[in-house]
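Build the full structure now, drawing on both the sequences and the hints.
Every letter in the sequence shown is one number past the one before it in the numbering used here, and letter 114, counting from 1, is 114.
Since the hints were derived computationally from the structure, they do not count as laboratory data. Possibly wrong hints are sitting among the right ones.
Taking lysine-lysine pairs in the DSS-like style, the calculated list, with each CA pair at most 30 Å apart, reads [what the hints assert, rightly or not]: (1) Lys388 <-> Lys361; (2) Lys167 <-> Lys38; (3) Lys38 <-> Lys162; (4) Lys218 <-> Lys166; (5) Lys90 <-> Lys114; (6) Lys153 <-> Lys9; (7) Lys375 <-> Lys385.
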Amino acid sequence: MNYHDILEKASSILKRYPLCNSCLGRQFALLGSNMTNKERGNAIKTLLFMKLIREKEGSRGQEQEIVKILARSGFKPAIDYAMSRSIKFKVESCYICGGLMDKLNVLALKAIVKLRDYNFNTFLVGSLVPSTIINKEDKLRAEFNLEYSESIKREVNREVGKIIQKKLGKVVDFNEPDVLVIIDLGNLDVKIEPMPLLIYGRYRKLARWISQSLWLCKKCNGRGCKECNWTGKKYPLSIQELLGAIVLKRTGGSKFIIHAAGREDVDVRTIGNGRPFIMEIKDPKNMIIDLKSLEQEINFKLRGLLEVFDLRRARREEIALLKGLSEVRKKRYRAIISITDTITDEIIRKIEENLKNRIIKQRTPIRVLSRRPDKIRLKKVYDIKAIKISDHLLKLEILAQGGLYIKELISGDEGRTNPSVSSIIGSSAKCLRLDIVEVEG
1 MNYHDILEKA SSILKRYPLC NSCLGRQFAL LGSNMTNKER GNAIKTLLFM
51 KLIREKEGSR GQEQEIVKIL ARSGFKPAID YAMSRSIKFK VESCYICGGL
101 MDKLNVLALK AIVKLRDYNF NTFLVGSLVP STIINKEDKL RAEFNLEYSE
151 SIKREVNREV GKIIQKKLGK VVDFNEPDVL VIIDLGNLDV KIEPMPLLIY
201 GRYRKLARWI SQSLWLCKKC NGRGCKECNW TGKKYPLSIQ ELLGAIVLKR
251 TGGSKFIIHA AGREDVDVRT IGNGRPFIME IKDPKNMIID LKSLEQEINF
301 KLRGLLEVFD LRRARREEIA LLKGLSEVRK KRYRAIISIT DTITDEIIRK
351 IEENLKNRII KQRTPIRVLS RRPDKIRLKK VYDIKAIKIS DHLLKLEILA
401 QGGLYIKELI SGDEGRTNPS VSSIIGSSAK CLRLDIVEVE G
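Spelled out as structure tokens, the structure:
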């Protein structure tokens, strides 16, 4: 489309519909760069006006018609020209936006005021535009076969974003912004939506009887009763609560969620290289966190209970990856078990020979049936080493596939796990103490 085609098309549009500079310029947005749609629309109107002044062709009626269509769209030079020649006209609101595009500066400043409540680095602007505006623009584009336009949402997002960027010195991030600024064009309002803050790390659970997540008392559902000693909880402490109290204070968030690569039983420690996990903080006010300082604070305040390390910012897709890989990651365990019969070298040999590189057929353990589907899983024991402690105590070092229930690998769980230590030695075996000493990856 050349210069003359643009002016002819713009003239035809303006004869039919009064458009503000932004809405006119937006219909030709893809034909040029380095200017806003508002500047582009003003330039087109200026060229139409200059063409009129230079040529003054045709009848006075034609001249008045062009002046009127430019003046009614609010183009000031045409308004001054018409008034100087007593040409009657009426300024009308823009057919598409009704004057709302002139409010972008006000909306941007409103966003800036609200953003001062947040400590962030990156942002992205989104917008809500009334369907009536979108429908009118679609109708106009179809009527005049406009192929080089852009959406009004894109213009709103870009122009407001430029103002915020300039005033606050923050960076636009289209992939993972710290905050989302929602411009409600119809209601002339702004909403700030901080994106969840995700922090990856590893934790060591150094004490037993700490659950990973908060478990409410089943009897009272968290209200507090005699059975839970009026705590409302099944277990007195959880990693979720311990970390959440510290992290929420640092970030000003409203909710703390923990995502981990599997979970240990409440009476099991996780030591060694720790368990990978991601902390998710909803509605954070402070997104610029010194993670090393946070790590030190957690480890000092929770010493003897919990340790975290290798903290870093995480991405949303890492949560699914973390959980998906937990079922296949190799995990190394250390178990202290009791055996009814006297432990002999033959018993040790049987355990090691029959469980090393063995596929275990394991039905969902009885103890977790209330919260897990009853199905059969095939899991592998890669390596096992048995060390005698006393006549009835044995230490097992087990390298196994994630998702294998180790306590049931030892006891057999009434035949639901096969083979098991109990079935191999023909005697009752029970796990007394269990530690996770290494989690792969």
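These are the hints, each one checked on the structure:
A distance of roughly 26 Å separates the Cα atoms of Lys388 and Lys361; the hinted pair therefore holds under the 30 Å criterion. Only pairs whose Cα atoms come within 30 Å are accepted, and Lys167 paired with Lys38 is accepted, the gap being roughly 20 Å. For the given pair, Lys38 sits about 14 Å from Lys162 by alpha-carbon distance, which is consistent with the 30 Å threshold. With a C-alpha separation of about 54 Å, the suggested pair Lys218 and Lys166 falls outside the 30 Å cut-off, and the hint is violated.
Straight-line distance between C-alpha atoms of Lys90 and Lys114 comes to about 38 Å, which puts the hinted pair past the 30 Å bound. Taking the CA atoms of Lys153 and Lys9, the gap is about 23 Å. The hint holds against a cut of 30 Å. A hinted pair counts as satisfied when its Cα atoms are at most 30 Å apart, and Lys375 with Lys385 qualifies at roughly 29 Å.
Checked against the numbered hints given earlier, the structure breaks hints 4 and 5 and satisfies all the rest.
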